[in-house]
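Participant: Let the hints inform the model, and build the full structure from the sequences given.
Chains as they are written, first to last, in our numbering: chain A, 1 to 102; chain B, 1001 to 1500; chain C, 2001 to 2629.
Any given hint might turn out to be false.
What the hints assert, rightly or not - Below, a list of computed lysine to any residue pairs in the SDA-like style, where the Cα atoms sit at most 25 Å apart:
# : chain 1 : residue 1 : chain 2 : residue 2
1 : A       : 101       : C       : 2606
2 : A       : 90        : A       : 23
3 : B       : 1485      : C       : 2074
4 : A       : 101       : C       : 2594
5 : B       : 1452      : C       : 2017
6 : C       : 2451      : C       : 2304
7 : C       : 2366      : C       : 2523
Stated by the list, open to error - In silico negatives: residues of chain A with every beta carbon more than 10 Å from chain C:
#  : residue
8  : 4
9  : 8
10 : 16
11 : 38
12 : 39
13 : 63
14 : 64
15 : 65
16 : 66
17 : 80
18 : 92
Rather than coming from a laboratory, the hints here were simulated on the basis of the structure. Think of the CB as a built atom: it goes at the ideal place given N, C-alpha and C, for glycine as much as any other residue.
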Amino acid sequence: MATVPMMHALLLAGILFALGLVGLLTRRNILFILMSLEVMLNAAGLAFVAAGARWGQADGQVVFIFILTMAAAEVAVGLALVLRMYHRTKTLDADRASEMKG
Amino acid sequence: MMLVWLIVILLAAGVVAWLGGRRSAAWARWVSLLAVLADLIWAVAFWLRHPAQAEILPQGHWLAQFNVAWVPQLGIRFHLAMDGLSLLMVVLTLFIGVMAVLCSWREIQTGVGFYHFNLMWILAGILGVFLAVDLFLFYFAWELMLVPMYFLIAIWGHERRVYAAIKFFIFTQLSGLLMLLAILALYFIHHRATGVYTFEYSALLGTPLSQRTALLLMLGFFVAFAVKLPMFPFHPWLPDAHTEAPTAGSLILAGLLLKTGAYGMIRFVIPLFPQAAHQFAPVAMTLAVVGILYGAVLAYGQRDFKRMVAYTSVSHLGFVLLGIFAWNTLALEGAVVGMIAHALSTGALFMLVGQLYERTHTRDLTRLGGLWSTAPVLSGVGMFFMLGSVGLPGLGDFVGEFLVLLGTYRLHPILTALATVGVLASTFYGVQMVQRAFHGPNVHQWKIADLKGRELLIMAPMIALLLWLGLYPLPVLKTFAPAWKGLERTTRSLTAAARR
Amino acid sequence: MNLLWLIPAFPIAGFLFLALAGTRLSRRAVSIVGAGSVGLSALVSLWIAGQFFVSPPAGYAYTQTIWNWLDVGSLHLPIAFYLDPLSLIMTLVVTCVGFLIHVYSAGYMSEDEDISRFFAYMNLFVASMVTLLLASNLVLLLLGWEGVGLCSYLLIGFWYRDPANGYAGRKAFIVTRVGDTSMLIGLFLLYRHLGTLDIQTLMARAAHQWPVGSPLAVAAGLLLLGGAVGKSAQLPLQTWLPDAMAGPTPTSALIHAATMVTAGVYLIARMHVIYQLAPSAQFTVGVVGAATLTLAGFSALTQPDIKRALAYSTVSQIGYMFLALGVGAWSAAIFHFMTHAFFKALLFLGAGMIIESLHHEQNMFKMGGLRKELPVVFWTFLIAGCALAGVPLVTAGFYSKGLIVWQAEASSAGRWGFWLVAVFGVFLTSAYTFRIIFLTFFGEAKSHVHKRPGLAMTVPCIVLAVLSLVGGFVKTPEFLGNIHLFTDFLHHALPPVAVAHARAMSELASEGWVTLALIVGFAVAYFCYIERPEFTASLTRSALGNALHRFWKSDWGMDWLYDRLLVWPVMWFARVDAGDAVDSIYTGIARLCEWFYQGVRRTETGQIRWYAAAIAFGTLIFVAVVLFL
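Facilitator: Structure representation (structure tokens):
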């Protein structure tokens, strides 16, 4: 069984993470920010899986499942918050919701 | 057991006053008054029964004590004990406490219940400070008196009360934390040396310390007490706190809280670290003298009556500090008499300003003047306490200052001479105060009611006690003497042991 | 014999009674209580004096302990009174003259609304003064000392509605307390090195432990002298006394002429052993006295205000007493104190009557011709003036001052310079005394007399006038009967003067010169104020004359100097630093925190993407640090 070299998987994870980060930083729509966040989480998860496969340990998969669960929970809470925010500000622009400005 | 009751009565009275105070203000007042009065009578009766032969020693001969385990795992005990020094301070606390309740009788009209709760808890905290000989308990009491005092200033104070309250809190809290650090360090060092965890005062006396550590720990305690005293240059919280506090707050601050600083110096700083304190004494004494002169000159420059009296405290407590660090019989006896006399004369001046403020709604000395013609009794009383404050022989402050200077002279003639100039400088603000408030023409056409009834009832014992202290201070001197002998013997043997 | 405590007790009781209940009493009752208490005190002291003369106690002194005041370690200070010839004579003079002045006050103050306060203060004064004199230890003495200072302050500012009076009172209190500071330090020094503050023990130990010329004795002597010059208004602290004339005139007579201001003389006489051990300190006392008596004499010559002129005269006469102390003529100083108390009190009382009868006019140049209008005042004032100038043979002042002048040279510590100054002082005294008399009583009347003094005021004056005449016959020179009752009695407490017989000039010669100086002074005054007043006026108008006149009138510019050197800097500092510079350190720290917070809060933009970027950037740096360092 041909194995994907770990370096490739990690590179992919890194690229995905960077893409997510760029999306996070450049998009103003909060929904896209959330989606970028998902991408970053999955990039991290991919890195775990790759590392788990490399050393033949189950821990990588365990953590990935953990991340999945957390991501699901996060999306649930996050979307609820987005809804509330939309009710308050009538916009999905994250920059406009700067009530916490010091 | 009596010692616990003294404190518990006050704590309970505070709660009862708070709960009952929601319905009736008079209830809160009477409950507080009766509780403090009962305590006072109890303490005075105890004093009369025990002309104080007991000495404070590591072996533990106290006039009275109460000692139970509190947190045995950590070696914390609920240990209260009383010697001549604590006895004097307890009686003073309760006496000033009665005065504080009485002088709030009409001044405080809002939140009466909670006010008296705070008042009682401050007094309880102060009693705890004067009685605790377990260092943890001491720190606990030290902080206990802080919080209600904060509320007292911040809720019932004058215009800039919040600023003053926060300033007071930050100063005392920060310095208190230094003391906590020093206490913990001492606790662990003692454990390392003996294998016993204890906060017990008599056990911690004579903990072997390197010179450097001793100096550092001594400074930890010293700063906490010096801020409370207050010593120059740690005094700036005091004028603000005194000025903005309600009358009873100023009275308690001047009469009692400052004394806890002096008491701490006598009880802890020097006995725990005799050698370090000895090394440090010239610095402390110099700062004391600077404080004496600086406080007096600044008092002279103030326009706000209360602020002026506040700065006189800086000056007077300078004498106390000077006496404490001279650490000989004359100076220490003088310091103790000075503490009591200052509580009376300055406390009375604060009450007088309060009474004046109730009538004129101003504390600005330049707006007063010529009050003698409309309120001769009030003015005469003011003059009397001014004379106490400037150290007129025959009144209490003179005895204190004279003994302190006499005791200090053998150590530092030059410093003593400068401090004596401080007595002269007190004349500046004293006569100026009388001139601005009572003498001179009545430009602003004040027509105010003279002192009567309750106010005279407050002032009369203050006058009588100040005279008594000035003309017959022997009971006070004799009560403190054995306690002093014990302290002196402790420090002497510790110093000797350290030399060996 | 144990009635001694009653002497201060009566006035104290009077004070307490008047202070507590005075406002409810009628004026008459107030006067009776006020004068009566001092009268009782005077009676008691006369009784005690009688006892003392008839059956002197062992060693001519005894102590009465009232109660134990301070007892700390090795310090034992009882409230105890010590009676010996010195304190007895001083107490007698204080209570008796005090009583006369109280009687006078009953008339003088009868229309003042605050009469009860006045008598309360006056009684407190007498009590403090007697305590000062009878004190057996220096701390009790200090209690009296400060007590009289307080009463002086209160009485100078008695009419408190006028800020000028308050200013004069404060000045007096503060300046004398400058001296007291020095005295306090002296007390500390004495206790430190001699281990006691009981005066007699102190004297014994000093004589025993300190050699003559010991630096400690010199220091102690000079420090105590500091207290004495403050209280007795000698150079360089004399500036308060002329201003103190703002008080009611009986106060000026009692406190600022007859009694309190001589407390310094008493202190030095009391502590004479210290000065005998410290010749240089004693010499300083003499120099202070000599300098003061001339400078104040010049100032007295130029005052237009009758009370100020008398005040400078007081300063000058106390200068004589200091001079006497400085040459070791202890009894001569006390002798002059006694006669001075009689005639100077009388002069002030007379001045008070003049001022009151002229509607509170104090300027002598607006008086004149009062000889006919106020005959009793004139004659008593004339007698007192003659006694002050020292008119030979008939007045008390002649004997006491003559003794001082002679001993300024003849004593073993005496010097020619002292004698010359003293004789010159006689000339000045005579000149200014007769100037006052000529200006007020002679010439033409310039003001209208609207009120004549009553019996309560004239009778004390007549008694004092008699005393001013006969008071000197208790000690006369060798060539005039050679009576020495007074000095013999005092020598039980104070050592007799050591006369250097070899080189001394004779007493007769000295008295001759004194008389000559007196006559010259009289002639000058007569010429300047009766014969050719226009010449005097032109003299003060000339440039030099005017400058000197102003210089002397302003007390040699010392007030001016002190204001600039001492008063203003303190006031300036107090004003500038009223906000407390130390506080700005702490507010500075608070400001710094605030400032830092202002900086940091900018990073809190509230924009989530900034936070994300910051997290990413921070992680990057963190990883970079871990990887590359």
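Participant: None of the hints should be skipped; say for each whether it holds.
Facilitator: Against the structure, the hints:
1. In summary, the hint linking residue 101(A) to residue 2606(C) is supported, as the alpha carbons are separated by about 4 Å, within the 25 Å threshold.
2. Taken as a hint, the residue 90(A) and residue 23(A) pair is honoured in the structure, with Cα atoms around 22 Å apart against an allowance of 25 Å.
3. With a CA separation close to 14 Å, the supplied pair residue 1485(B) and residue 2074(C) stays within the 25 Å bound.
4. A threshold of 25 Å between alpha carbons decides the hint, and for residue 101(A) with residue 2594(C) the separation of about 17 Å falls inside it, so the pair holds.
5. Under the criterion of a C-alpha separation no larger than 25 Å, the hint pairing residue 1452(B) with residue 2017(C) is consistent with the structure, at around 19 Å.
6. A hinted pair counts as satisfied when its Cα atoms are at most 25 Å apart, and residue 2451(C) with residue 2304(C) qualifies at roughly 22 Å.
7. Distance check on the hinted pair: residue 2366(C) and residue 2523(C) sit about 23 Å apart at the alpha-carbon level, within 25 Å; holds.
8. Distance check on residue 4(A): its Cβ is at least 24 Å (rounded) from any Cβ of chain C, clearing the 10 Å threshold; non-interface status holds.
9. The claim that residue 8(A) is not at the interface with chain C holds, since no C-beta of that chain comes within 10 Å of its own (minimum 21 Å).
10. Non-interface status of residue 16(A) relative to chain C is upheld: no Cβ of that chain comes within 10 Å, the nearest being about 15 Å off.
11. With a least CB separation of 14 Å from chain C, residue 38(A) remains clear of the 10 Å interface cut-off, as annotated.
12. Non-interface call for residue 39(A) relative to chain C: holds, since the shortest CB-CB distance, roughly 13 Å, exceeds 10 Å.
13. Residue-level check passed: residue 63(A) sits 18 Å from the nearest beta carbon of chain C, beyond 10 Å.
14. A cut-off of 10 Å between C-beta atoms confirms that residue 64(A) is not in contact with chain C; the least separation is 21 Å.
15. No beta-carbon of chain C comes within 10 Å of the beta-carbon of residue 65(A); the shortest separation is about 24 Å.
16. For residue 66(A), the requirement that its beta carbon stay farther than 10 Å from each beta carbon of chain C is met, with the minimum near 20 Å.
17. Look at residue 80(A): its CB is around 16 Å from the nearest CB on chain C, clear of 10 Å, so calling it non-interface holds up.
18. Every beta carbon of chain C lies more than 10 Å from that of residue 92(A), the smallest distance being close to 12 Å; the non-interface claim holds.
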